[in-house]
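Enquirer: Read off the chains here:
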Amino acid sequence: MKNIRYTSIEGNSLKFLGLLGVFGFFILLGFLAFLKMEHEGHWITGMNNQVIWGMPHIFAIFLIVAASGALNVASIASVFNKSFYKPLAKLSAVLSLALLAGGLAVLLLDLGRPDRLIVAITYYNFKSIFAWNIILYTGFFGIVGIYLWTMLDWQVEKYKRIAGTAAFIWRLILTTGTGSIFGFLVARSAYDAAIMAPMFVIMSFSFGLAIYILVLLASYRWTGRELGDVVITRLKNLLGVFIAATLYFSLVYHLTNLYATEHHGIEAFVLMKGGIITNMYWLGQIILGTLIPLALIYCPRPAKSNTMAVVASVLVILGGLASLYVILIGGQSYPMTLVPGYEASSTFADGAITVYSPSIWEFMLGMGGVAIALVIVTLAMKIFRLLPDSLSDKIADPHKS
Amino acid sequence: MGQNDMNNTNKIDQYRRRLLGGSAAAVAGLALAPGLILNTVQAKPAADAVSSKNRWGLLIDTTKCADGCSDCVTACNTEHGLRKIDHGLSESKSEAITSQWIRNVTLKNKSTGHTVNMPVMCQHCENPPCVDVCPTGASFKRDDGIVLVDKHICIGCRYCMMACPYKARSFIHEALTDQLAVAPRGKGTVESCTLCVHKVDNGDGTTACAEACTHGAITFGDLNDKSSLISKKLEMSGGRQLRAELGLNTGVRYQGL
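In order, the protein sequence lines correspond to chains G and Z. By our numbering, the letter at position 14 of the first sequence is numbered 14, and the numbering carries on one by one without gaps. By our numbering, the letter at position 183 of the second sequence is numbered 183, and the numbering carries on one by one without gaps.
Keep in mind the hints are simulated off the structure, nothing from the lab. One thing to keep in mind: the hints can contain errors.
[Unchecked claim] Below, in silico cross-link-like pairs of lysine-lysine (DSS-like), each with a Cα-Cα straight-line distance of 25 angstroms or less: (1) Z:Lys151 <-> G:Lys127; (2) Z:Lys187 <-> G:Lys273; (3) G:Lys36 <-> Z:Lys151; (4) Z:Lys151 <-> Z:Lys187; (5) G:Lys36 <-> Z:Lys93; (6) G:Lys36 <-> Z:Lys141; (7) Z:Lys187 <-> G:Lys36; (8) G:Lys273 <-> Z:Lys93; (9) Z:Lys187 <-> Z:Lys84; (10) Z:Lys141 <-> G:Lys127; (11) Z:Lys53 <-> Z:Lys199; (12) Z:Lys141 <-> Z:Lys226; (13) Z:Lys53 <-> Z:Lys233; (14) Z:Lys108 <-> G:Lys273; (15) Z:Lys232 <-> Z:Lys64; (16) Z:Lys226 <-> Z:Lys53.
[Said to hold, decoys possible] Okay, the calculated beta carbon distance ranges per label pair: (17) G:Ile118 <-> Z:Ser52: 50 to 60 angstroms; (18) G:Phe141 <-> Z:Thr112: 54 to 64 angstroms; (19) Z:His152 <-> G:Tyr259: 41 to 51 angstroms; (20) G:Phe31 <-> Z:Lys232: 38 to 48 angstroms.
The structure displayed is predicted, hence computed values, not measured ones. Cβ coordinates follow ideal geometry from the N, Cα and C atoms, glycine included.
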């Protein structure tokens with residue numbers, strides 16, 4: 001691992017500017033969607049008084065969860081002292097900050113009163129997990145920022161381990177907080193479960209690493225740097241463990257619910273009768289997002305390692321979005337029981353399953369957040385020396401050669 | 001006239017003025033006093049804090065709630081200026097974004113087919129989940145048990161709507177005009193039944209829905225006052241909380257369920 005030279009990318013090529021242009025276009029679309037929603041009100045979206053949180057929240061929560069997961073590569077290097085991951089650590093920290101910024105942008109711009117951001121950071125109800133999350137997100141920027149500094153500046157490098165450990169603990173608490181947004185909701189039968197917090201933590205490992213693999217591969221390919229099979233194989237195998245662990249948590253969650261008669265309604269809805277929700281679960285989360293990537297990662301490979309890693313990572317991301325769709329939209333679409341043993345009906349959709357049709361504005365806002373995250377990473381690569389010149393097999397794993 | 005006489009006359013004038021001024025103030029005071037005193041009897045002065053001596057609540061007798069009647073809903077909408085705004089959406093979409101502080105719910109027993117009608121609104125919980133989850137403290141509970149939204153610090157995150165077990169809250173999905181002074185409402189914030197807090201504070205002793213119910217199905221009153229009608233009815237016939245298993249101790253109780 002010696003003699004690794006970190007360099008920034010030149011960032012003058014047409015391709016680089018084109019990439020920034022594409023991200024800029026999506027950010028512009030997201031900003032237009034924000035202006036439209038802010039001006040007209042939320043009636044133009046698919047969200048309503050029954051499905052309260054929609055597509056923007058799926059994007060925002062996905063990005064926020066993935067943000068803490070993207071830091072894993074750095075944590076393995078600094079906290080668990082695995083030298084193999086050290087050359088990959090800087091990008092990991094930058095990516096986590098970028099994803100969090102993108103996610104928070106979507107979350108904040110979807111607020112009914114985004115102009116009251118100052119209220120959100122000056123008025124705190126400390127019993128609210130949401131308020132705690134605001135502190136956790138802000139703290140994440142600070143702590144991971146300091147951690148990144150210890151990685152970039154040799155004068156403060158001696159504090160890297162401490163900063164890395166603090167960041168690792170903080171990210172675990174942060175994702176526990178994100179999962180608890182649902183875990184602490186006593187009202188709805190799909191939520192109110194302690195398993196939500198660890199499930200979100202393990203989901204973050206998976207989503208964050210999938211995005212990391214894609215960003216790493218893209219940056220090496222597009223800058224003509226060498227990236228050997230060793231790095232990708234190692235990351236890909238780690239991704240496989242995280243995918244399997246996520247599946248395990250989903251199984252435990254559903255099995256526990258299936259055991260309790262009171263939850264049979266919501267389980268039947270999600271697993272069998274929920275239309276798009278059921279499809280999102282079985283086709284999206286389980287088959288596309290779990291089984292196919294696991295097969296791609298662990299079966300004897302018919303294709304080149306990198307291609308498979310890309311396909312598996314893309315599927316994990318799509319499956320992750322599908323799983324959040326099931327949790328968020330499924331959990332809200334299914335009606336709450338006012339009086340057990342009675343079927344309810346009203347003008348306010350009591351007892352009825354709500355159909356949610358997301359609007360184009362919600363997708364635009366969500367994609368804008370993704371673009372914000374990616375533009376930050378792209379610019380950071382130009383500004384900082386984040387990546388080794390080469391991650392060839394010889395450099396990544398000297399024992400192999 | 002000597003200097004002394006002049007001084008004496010001036011002093012006498014001063015006494016006269018003081019006496020007249022004092023008398024005038026006394027007369028004015030006497031004239032205004034009955035009005036002031038009457039007001040304090042009728043209403044809690046605005047400067048006084050609400051007190052936990054009261055716990056305002058509603059009792060709904062579902063056996064009296066008439067089929068097809070929506071007088072309470074209409075009265076609430078009129079009292080607070082709630083109305084559907086035409087965006088050219090389908091009926092169901094339009095309904096899904098329209099605020100409903102109170103709604104008629106029909107319950108049908110799955111095994112017996114027995115049907116019950118009842119109005120459902122904010123249940124004004126003693127331990128409200130909406131207040132617990134609100135990040136800014138905009139959702140709050142007054143000492144007298146009324147759960148409200150502070151429109152000035154609501155950021156429109158809608159977490160309270162996710163948390164409410166009664167689906168009692170609505171989000172304002174569009175710009176509004178001609179709001180009523182008693183119900184300040186605005187785009188991008190969350191709202192729900194205020195238990196007609198303006199009427200309660202005015203000493204009206206009722207809510208718009210209770211007032212409008214000609215069937216006598218809705219009783220408003222102080223749950224802490226054992227001599228109040230609502231307490232007596234509850235003592236005599238009992239009253240059930242919706243989703244009592246959550247332990248929220250609601251201020252709205254139901255009979256005949």
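Enquirer: Hint by hint, say whether it matches the structure.
Expert: Here's how the hints hold up against the structure:
1. Z:Lys151 <-> G:Lys127: OK: Lys151 (chain Z) and Lys127 (chain G) at ~20 angstroms, within 25 angstroms.
2. Z:Lys187 <-> G:Lys273: At roughly 36 angstroms apart (the allowed maximum being 25 angstroms), Lys273 (chain G) and Lys187 (chain Z) break the hint.
3. G:Lys36 <-> Z:Lys151: Holds, at roughly 22 angstroms.
4. Z:Lys151 <-> Z:Lys187: With Cα atoms ~10 angstroms apart, Lys151 (chain Z) and Lys187 (chain Z) stay inside 25 angstroms; holds.
5. G:Lys36 <-> Z:Lys93: Between Lys36 (chain G) and Lys93 (chain Z) the Cα gap is close to 19 angstroms, so the pair holds against 25 angstroms.
6. G:Lys36 <-> Z:Lys141: Outside the cut-off at roughly 34 angstroms; violated.
7. Z:Lys187 <-> G:Lys36: Judged against 25 angstroms, a Cα distance of about 14 angstroms means the pair holds.
8. G:Lys273 <-> Z:Lys93: With a Cα-Cα distance of about 22 angstroms, the restraint between Lys273 (chain G) and Lys93 (chain Z) holds, given a limit of 25 angstroms.
9. Z:Lys187 <-> Z:Lys84: 14 angstroms, holds
10. Z:Lys141 <-> G:Lys127: 14 angstroms, holds
11. Z:Lys53 <-> Z:Lys199: 18 angstroms, holds
12. Z:Lys141 <-> Z:Lys226: Since the Cα atoms of Lys141 (chain Z) and Lys226 (chain Z) sit roughly 22 angstroms apart, the hinted pair holds (cutoff 25 angstroms).
13. Z:Lys53 <-> Z:Lys233: 20 angstroms, holds
14. Z:Lys108 <-> G:Lys273: The hint holds at about 22 angstroms.
15. Z:Lys232 <-> Z:Lys64: At roughly 17 angstroms apart (the allowed maximum being 25 angstroms), Lys64 (chain Z) and Lys232 (chain Z) satisfy the hint.
16. Z:Lys226 <-> Z:Lys53: At roughly 12 angstroms apart (the allowed maximum being 25 angstroms), Lys53 (chain Z) and Lys226 (chain Z) satisfy the hint.
17. G:Ile118 <-> Z:Ser52: 50 to 60 angstroms: 32 angstroms, violated
18. G:Phe141 <-> Z:Thr112: 54 to 64 angstroms: 58 angstroms, holds
19. Z:His152 <-> G:Tyr259: 41 to 51 angstroms: Cβ of His152 (chain Z) to Cβ of Tyr259 (chain G): about 46 angstroms, so the range 41 to 51 angstroms holds.
20. G:Phe31 <-> Z:Lys232: 38 to 48 angstroms: 60 angstroms, violated
Comparing the model with each numbered hint stated earlier shows that hints 2, 6, 17, 20 do not hold.
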